[in-house]
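Listed below are the residues making up each chain.
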Amino acid sequence: MRLSKPPSEHMTQFIYDGTYAGLFSAIFEVYERRCEDATIIRQQNFQALVFSENIEVYTDSAKAERVLKGLRKKVSPECFANIYSCYLSELKGIENTILQFVQYVFANRKNVEDNYGNASVLDISQTARKVGREKHRFEAFVRFENIGNRLFYAPIDPDYNVLPLIVPHFRRRYADQDWIIYDTRRKYGVHYDQATGQVHEAVIDVTTGSTDLAPTGISFDPDETLYQELWKNYFRSTNIPMRRNMKLHLQHVPKRYWKYLVEKK
Amino acid sequence: MKTSESRIHEKLGILADAAKYDVSCASSGSKRRNDNKGLGDASGMGICHSYTEDGRCVSLLKILLTNYCIFDCAYCVSRKSNDIKRAAFTIEEVVELTINFYRRNYIEGLFLSSGIFKNADFTMERLVTIAKKLRTEQKFNGYIHLKTIPGASEELMKEAGLYADRLSVNIELPTESSLKTLAPDKNYEEIFTPMSYLSEAISEYKAEKALIRSAPVFAPAGQSTQMVIGATPESDKDIMFQAHTLYKQFNMKRVYYSGYIPIGGDERLPGIGTPPPLIREHRLYQTDWLMRFYGFGVNEIVSDENPNLDVDVDPKLSWALRNLHEFPVDINTADYAKILRVPGIGVGSAQKIVAARRFGKLDWYQLKKIGVAMNRVKHFVVCSKQDVLFGDATPGAIRHHILAMGKSKYTASYSPQLSLF
Chain A
8 MRLSKPPSEH MTQFIYDGTY AGLFSAIFEV YERRCEDATI IRQQNFQALV
58 FSENIEVYTD SAKAERVLKG LRKKVSPECF ANIYSCYLSE LKGIENTILQ
108 FVQYVFANRK NVEDNYGNAS VLDISQTARK VGREKHRFEA FVRFENIGNR
158 LFYAPIDPDY NVLPLIVPHF RRRYADQDWI IYDTRRKYGV HYDQATGQVH
208 EAVIDVTTGS TDLAPTGISF DPDETLYQEL WKNYFRSTNI PMRRNMKLHL
258 QHVPKRYWKY LVEKK
Chain B
564 MKTSESRIHE KLGILADAAK YDVSCASSGS KRRNDNKGLG DASGMGICHS
614 YTEDGRCVSL LKILLTNYCI FDCAYCVSRK SNDIKRAAFT IEEVVELTIN
664 FYRRNYIEGL FLSSGIFKNA DFTMERLVTI AKKLRTEQKF NGYIHLKTIP
714 GASEELMKEA GLYADRLSVN IELPTESSLK TLAPDKNYEE IFTPMSYLSE
764 AISEYKAEKA LIRSAPVFAP AGQSTQMVIG ATPESDKDIM FQAHTLYKQF
814 NMKRVYYSGY IPIGGDERLP GIGTPPPLIR EHRLYQTDWL MRFYGFGVNE
864 IVSDENPNLD VDVDPKLSWA LRNLHEFPVD INTADYAKIL RVPGIGVGSA
914 QKIVAARRFG KLDWYQLKKI GVAMNRVKHF VVCSKQDVLF GDATPGAIRH
964 HILAMGKSKY TASYSPQLSL F
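Protein chains in written order, with the working numbering: chain A, 8 to 272; chain B, 564 to 984.
Source of the hints: derived by calculation from the structure; they are not laboratory data. All figures in this text were calculated on a predicted structure; none of them were measured in a lab. Among the hints, a few may not be true.
Calculated cross-link-like contacts (lysine to any residue; reagent style SDA-like; alpha-carbon spacing at most 20 Å) [said to hold, decoys possible]:
#1 A/K266 / B/E616
#2 A/K254 / B/R843
#3 B/K702 / A/H256
#4 A/K271 / B/C620
#5 B/K800 / B/E868
#6 A/K239 / B/E868
Counterexamples of contact, computed for chain A against chain B with all Cβ distances above 12 Å [unchecked claim]:
#7 R79
#8 R144
#9 H198
Just so it is clear, CB atoms sit at the ideal spot from N, CA and C, and this is done for glycine as well.
From just these sequences and the hints, can you work out the full model?
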């Protein structure tokens with residue numbers, strides 16, 4: 008965890024509910040209370056420490072919006088989006104990095120988002136890049152299967168919470184088919200309805216009781232198995248055995264992504 | 564499995580296998596949006612949906628329409644005289660495969676090539692028909708890369724450009740003499756003519772589009788080409804000078820260097836069992852990058868005095884060792900172009916350095932955090948006038964030091980390789 012002072016000194020822990028609005032409500036409170044030794048931690052990760060004062064933050068979207076509005080005025084849209092990406096990384100301590108970055112930005116009159124000499128600026132940039140790479144990987148590795156009535160279903164298991172970031176891409180691309188993308192680790196998903204063009208949170212009927220929603224091979228569309236087999240065939244045929252390089256292969260497609268890739272079954 | 568299913572499996576196996584030597588895999592550079600509630604889009608960055616076990620990206624459905632061919636090019640697995648299984652897709656089969664793979668997010672689009680069946684125009688027309696069907700009947704907005712058959716008419720090429728995102732015709736070999744020897748049916752003129760037509764057409768349509776919003780889009784991802792390397796005796800200088808000409812003269816988006824994979828059957832070519840020239844291919848790509856992104860002129864890296872690239876060090880480091888008088892570079896005062904030339908600093912780091920400098924002087928610690936390869940950088944850079952350059956100043960000593968400290972993935976292959984020519 009990133010701390011501004013050694014743990015033996017007094018510290019104030021601000022506990023928030025895990026939402027983006029909650030995080031920025033906490034930042035608002037840090038400023039309101041003029042707290043100098045603040046750390047922000049989400050409810051799920053909270054642990055009481057001996058010398059810490061604990062403040063539970065109530066999520067107030069008006070307060071959060073005030074901070075965000077001020078931030079929007081001081082940094083580029085790209086940088087503003089990077090902060091959101093960092094939040095989605097769910098990395099331990101990222102809230103403190105974001106807090107330090109926000110404090111640094113507000114403490115300076117001109118735009119300091121390019122000062123990679125500053126530790127929190129660099130950290131935000133590098134974390135956003137990590138999340139960006141995972142997002143890009145998931146735009147690539149999502150595999151849909153036709154589970155009948157032209158409803159295409161894809162399970163994912165990303166390291167970072169990239170589902171909000173990939174939904175716009177899939178909305179644009181698959182505008183004419185119904186689809187669901189479901190994050191099996193975080194247990195929530197998004198359903199796109201092609202008739203209305205709207206997305207809403209997916210409700211999965213887990214009648215089997217099993218929480219692992221990997222494609223079981225059971226599908227209502229008669230051609231689904233054929234296309235999966237054709238894809239595996241293509242994947243094998245396009246490989247050049249004389250150039251075999253498993254190290255490079257694994258670098259690009261680490262084993263933790265193989266679970267939901269049709270060609271790796 | 565039904566017979567129709569096993570038949571399509573067989574075709575796919577044969578025709579994907581035959582297409583894999585055309586290494587172009589790009590799916591980026593286009594600007595096709597899904598404005599018509601159709602299927603798909605192809606915008607900006609490409610996406611690599613998978614990677615084969617040889618480490619190459621799979622982003623498109625890359626197939627031949629047919630591997631029947633009337634030509635007999637010695638380096639090609641589908642040449643007329645080779646005794647292999649031949650197959651052909653129907654137009655409908657290609658369209659169905661593309662659409663169904665696309666819907667499942669397996670691919671960004673289609674890469675369609677073909678052996679030459681009957682004649683160039685007959686073959687080209689079928690390729691164009693497939694692209695047209697995808698766009699107009701299926702409302703497909705994904706990426707389409709069509710090969711241009713040398714000798715095809717201008718009318719067909721024009722139509723191709725209106726439906727495809729990228730078009731390409733392969734120069735095949737780095738010099739015309741090699742091509743004439745191994746592929747007597749082909750010649751440079753029949754290859755340069757479509758390249759020239761395409762580069763002109765692309766810029767004309769682009770200019771028109773800038774003025775009139777409703778003007779049609781023509782091959783928005785430009786054109787590319789490919790050379791087989793290691794099949795014929797050209798030096799790296801021959802190859803890169805040719806690449807440079809192609810970039811300058813025809814405005815190529817990419818030149819690809821495909822290491823020759825021996826297929827046997829011709830004594831003039833490396834025999835089966837010869838390992839493909841992977842390190843050489845890698846060095847050529849690094850040189851290509853230096854030319855396009857790092858501001859190097861081609862003759863700075865290869866020349867008559869240095870016709871072949873170093874095997875054990877990359878071309879940028881090699882250039883730096885030959886030009887030590889250009890160093891050290893002061894990281895806080897040198898301009899962007901000079902910083903780009905420091906071994907161990909890539910485009911991303913160079914940009915960060917120049918941006919961060921505005922706020923204050925950078926020191927070694929910050930430089931390291933930005934992510935430069937310190938193992939190399941420390942021999943070529945100072946952070947302030949008081950700094951003393953690390954280590955010995957002779958090229959040999961620096962090279963030795965970097966190699967000793969580094970962990971090159973090629974170290975096992977650095978044994979002196981016998982030259983084949």
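Status of each hint after checking the structure:
Restraint check: the Cα-Cα separation between A/K266 and B/E616 comes to about 17 Å, which is no more than 20 Å; the hinted pair holds. For the hint linking A/K254 to B/R843, the alpha-carbon distance of about 19 Å falls within 20 Å, and the restraint holds. Our distance criterion of 20 Å between C-alpha atoms is broken by B/K702 and A/H256, whose separation comes to about 34 Å. Only pairs whose Cα atoms come within 20 Å are accepted, and A/K271 paired with B/C620 is accepted, the gap being roughly 15 Å.
For the suggested pair B/K800 and B/E868, the alpha carbons sit about 10 Å apart, so the restraint of at most 20 Å is met. Under the criterion of a C-alpha separation no larger than 20 Å, the hint pairing A/K239 with B/E868 is inconsistent with the structure, at around 49 Å. The beta carbon of A/R79 is kept farther than 12 Å from every beta carbon of chain B, the shortest such distance being approximately 21 Å. Not every C-beta of chain B lies more than 12 Å from that of A/R144, the closest at about 9 Å, which undercuts listing it as non-interface.
Every C-beta of chain B lies more than 12 Å from that of A/H198, the closest at about 16 Å, which supports listing it as non-interface.
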